[in-house]
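Novice: In case you want the letters, here they are:
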Amino acid sequence: MINTDRKHLVHVVKYRWVWMALSALLLFPGIFAMLYSSLHYSNHAPLKVGIDYTGGTILQYGLEQKIGNADLTKNRQALEKLGIENPYIQILNVNNTQQKNTKSQINSIISIRTKFIDKDSTLPKQITEVLSKEYQNPELISVSSVGPTLGKELFKNSLIAIALAVLGIIAYLSFRFKFDYALAAILGLIHDVIFVCGVFSILGLVYNIQIDGLFITALLTVIGFSVHDTIVVFDRIRENLRYYAKKMTFGEIVDASVNQTLARSINTSLTTLITLLALYFFGGVTTRDFVLAMILGIAIGTYSSIFFCSMLVDFWNDKKNQPAVS
Amino acid sequence: MKNKIIMFWVIVAIVIASVVVIFTKPTKLGLDLVGGSRLILEAETTESIAKITPEVMQRLQFAIESRVNKLGVAETVVQQVGDKRLLIEIPNVTDLKEAKAFIGETAQLEFKKEGKAADGSPIWVSTGLTGQDLSKSILSTDQSGQWVVSLEFNAAGSKKFADLTKALVGQQMAIFFDGELQSAPVIREAIYGGKAQISGGDSGFAYDEAERMVNLLNAGALPVPAKIVEENTVGPTLGADSIAKSRNAGIIGLSAVIIFMLIFYRVPGLIADIALIIYSLILFALFKTIPVTLTLAGIAGFILSIGMAVDANILIFERTKEELRAGRNLFTAINSGFDRAFTSIFDSNMTTIITCAILYMLGTSIVKGFALTLALGVMVSMFSAITVTKNFMHLIFGTGELKYPALFGLRKDEIGKGYEATETKREKARFGILD
Numbered sequence: 001m002i003n004t005d006r007k008h009l010v011h012v013v014k015y016r017w018v019w020m021a022l023s024a025l026l027l028f029p030g031i032f033a034m035l036y037s038s039l040h041y042s043n044h045a046p047l048k049v050g051i052d053y054t055g056g057t058i059l060q061y062g063l064e065q066k067i068g069n070a071d072l073t074k075n076r077q078a079l080e081k082l083g084i085e086n087p088y089i090q091i092l093n094v095n096n097t098q099q100k101n102t103k104s105q106i107n108s109i110i111s112i113r114t115k116f117i118d119k120d121s122t123l124p125k126q127i128t129e130v131l132s133k134e135y136q137n138p139e140l141i142s143v144s145s146v147g148p149t150l151g152k153e154l155f156k157n158s159l160i161a162i163a164l165a166v167l168g169i170i171a172y173l174s175f176r177f178k179f180d181y182a183l184a185a186i187l188g189l190i191h192d193v194i195f196v197c198g199v200f201s202i203l204g205l206v207y208n209i210q211i212d213g214l215f216i217t218a219l220l221t222v223i224g225f226s227v228h229d230t231i232v233v234f235d236r237i238r239e240n241l242r243y244y245a246k247k248m249t250f251g252e253i254v255d256a257s258v259n260q261t262l263a264r265s266i267n268t269s270l271t272t273l274i275t276l277l278a279l280y281f282f283g284g285v286t287t288r289d290f291v292l293a294m295i296l297g298i299a300i301g302t303y304s305s306i307f308f309c310s311m312l313v314d315f316w317n318d319k320k321n322q323p324a325v326s
Numbered sequence: 001m002k003n004k005i006i007m008f009w010v011i012v013a014i015v016i017a018s019v020v021v022i023f024t025k026p027t028k029l030g031l032d033l034v035g036g037s038r039l040i041l042e043a044e045t046t047e048s049i050a051k052i053t054p055e056v057m058q059r060l061q062f063a064i065e066s067r068v069n070k071l072g073v074a075e076t077v078v079q080q081v082g083d084k085r086l087l088i089e090i091p092n093v094t095d096l097k098e099a100k101a102f103i104g105e106t107a108q109l110e111f112k113k114e115g116k117a118a119d120g121s122p123i124w125v126s127t128g129l130t131g132q133d134l135s136k137s138i139l140s141t142d143q144s145g146q147w148v149v150s151l152e153f154n155a156a157g158s159k160k161f162a163d164l165t166k167a168l169v170g171q172q173m174a175i176f177f178d179g180e181l182q183s184a185p186v187i188r189e190a191i192y193g194g195k196a197q198i199s200g201g202d203s204g205f206a207y208d209e210a211e212r213m214v215n216l217l218n219a220g221a222l223p224v225p226a227k228i229v230e231e232n233t234v235g236p237t238l239g240a241d242s243i244a245k246s247r248n249a250g251i252i253g254l255s256a257v258i259i260f261m262l263i264f265y266r267v268p269g270l271i272a273d274i275a276l277i278i279y280s281l282i283l284f285a286l287f288k289t290i291p292v293t294l295t296l297a298g299i300a301g302f303i304l305s306i307g308m309a310v311d312a313n314i315l316i317f318e319r320t321k322e323e324l325r326a327g328r329n330l331f332t333a334i335n336s337g338f339d340r341a342f343t344s345i346f347d348s349n350m351t352t353i354i355t356c357a358i359l360y361m362l363g364t365s366i367v368k369g370f371a372l373t374l375a376l377g378v379m380v381s382m383f384s385a386i387t388v389t390k391n392f393m394h395l396i397f398g399t400g401e402l403k404y405p406a407l408f409g410l411r412k413d414e415i416g417k418g419y420e421a422t423e424t425k426r427e428k429a430r431f432g433i434l435d
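Line order of the protein sequences matches chains A and B. Mapped onto our numbering, the consecutive letters of the first sequence carry residue numbers 1 to 326. Mapped onto our numbering, the consecutive letters of the second sequence carry residue numbers 1 to 435.
Simulated from the structure, these hints should not be mistaken for laboratory data. Check before you lean on any hint, since a few could be wrong.
To be verified - Subject to a maximum C-alpha distance of 25 Å in a straight line, what follows is the list of computed BS3-like cross-link-like pairs (lysine-lysine):
1. K288/B with K115/A
2. K368/B with K156/A
3. K368/B with K288/B
4. K368/B with K25/B
Using the sequences plus the hints, can you model the full thing?
Specialist: As structure tokens, then:
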């Protein structure tokens, strides 16, 4: 059943070092950005964290007119006069041109992040006044506030959630496959998580993008998906081993299995990416970063399940059975 | 074959039931879609109540509930989360400022008398008469037309009040509301009958101010102060915008996947597309029956699960194509495609369900919505992508040979060549007989 006539499209085993180098190349900028951020930011976080984890308030105003980045500085100065230290302002342009049916009059959104605003504070009112001078009818469309203690608790819970998910997956895979495979799958998902976090760390440095509760959700989905992809390849290796263990070397079986599942891996990722891209371009602005994290994660997850995880399984097998067979 | 036909009608019945549910039941939309507010209140300890016990939380919840109900908004939620927090959801509220002030106020009414501090300076000291001794309060006006808050004490309160006023004739008695001095009239004579008035001091009350105080007093004081630790307010415009956009994104995503499957997998692709539509109908009907509150993150989970549902079919069809290339007959190829892909599908879906379960247990309410929709989606997809597609494949292709390989997106010369089929006896027994 293993294809011997057709040429293999990818060579996982032969170019092992190429894939290792490529993974390193993909991860390095992000790791660098995370290190830089932890030294640079006052809270020593590797990523720019949003109010969900630090506490604070975000006020979002919808405007009918379109505004550009020049407005950023103007608004920042006005807000600093109110006594808000280092106001963090973001301008989102809402693309309503393709979607006439939404009836929405909002063409751009200004979000302003401040320290946690107490219920007695008149700050929101003052900010609204400042913006009213600049623009016509700014509408306060959303307020989110997280108290500082709650933020810390949420952060702790998120880390616990990720750790538990990883443990759960290791346990399940060790039970269904072997511990080797579970470990390779986990390294693959760590690979993917580092990549996504790295990109967001860079985005935080360059575009001020902050991570929130939804980002953790995206990471967990990426974890699920990454393992999902890896399992399909491993399942095939397991099956081929049953039939061909005596006829072929382990390396050959890994290569053949990867090639047999290649079409499926790519097509599955494509269909998921299609839906995510639709969400990214046509969905709401509020979930855009969340969707971006998933797009990145699924793309890298496909790469890692094809090249990285199967390469690792073969690499270990080689190390265990010295001298190397392939 | 008889079983297959029965199964087909079962599927049809499920689809009809789902459509009926979709058209008759309302969709529960989350606050981020309809607009509204979500608050989290945290109970704080006081000198007298040093520990937040479940009993204190119950009283707090009761008091907050009665206040939220006074806002006159339908479908509000007051729910305890954790040991000392309350989650409050108020849909369709545009101006939350008032509501927030109303909910967060402790509403502690206290009567105090003159006293002396340790250093001899005059202070107000507690008399033991508080808002708990009231039976009700009414908004009214005094002789000069000023708004005042009239108080009526209950039996115990009336007696306390009478005793106090008798003892304090000629002195001032101060009325504090939430720690703020409202007025401090001089008592001319003992007051019997259990009635009193709070005037707004020299400047008097504004109507709104007096009305709010009356409402708070009638709703009852909070046993402990509670502060707002988290707030999420979404205006109705943003909500409407999000619904429209998510719907568009969903329709575009679904159509793109349908076209993709048709191009790549031809007739099986068409079957997978029908299964996908059935999947969406069943899932949507489930959301309405349980009911699952749809939020933005939930919709994202739903759209993501579309991608995952198709994955199972891609796995199966790729495998079927491979078996056809290996020279198996159509029926065996279809069956072994399903059979061999099953372990992959099962294992990968299990890991997704594990992650969803953990997210559901530990996550905040936004994350919970996402996890629930994704997990439900994965479970329904096991039915639609395996049972439904398998049934349709058998009904359409039967047992014959594949005359037109193009139906599977294969070339004629690809079939039965290039692979060496190694079929064991056991496999033949397993895949070769129509169940």
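Novice: For every hint, state whether the structure bears it out.
Specialist: Each hint, compared with the structure:
1. Straight-line distance between C-alpha atoms of K288/B and K115/A comes to about 39 Å, which puts the hinted pair past the 25 Å bound.
2. Distance restraint check for K368/B and K156/A: the Cα-Cα separation of roughly 17 Å lies within the 25 Å cut-off, and the hinted pair is therefore satisfied.
3. At most 25 Å may separate the alpha-carbon atoms for a hinted pair to count; K368/B and K288/B meet this at roughly 17 Å.
4. Restraint check: the Cα-Cα separation between K368/B and K25/B comes to about 22 Å, which is no more than 25 Å; the hinted pair holds.
Of the numbered hints stated above, the single one contradicted by the structure is hint 1.
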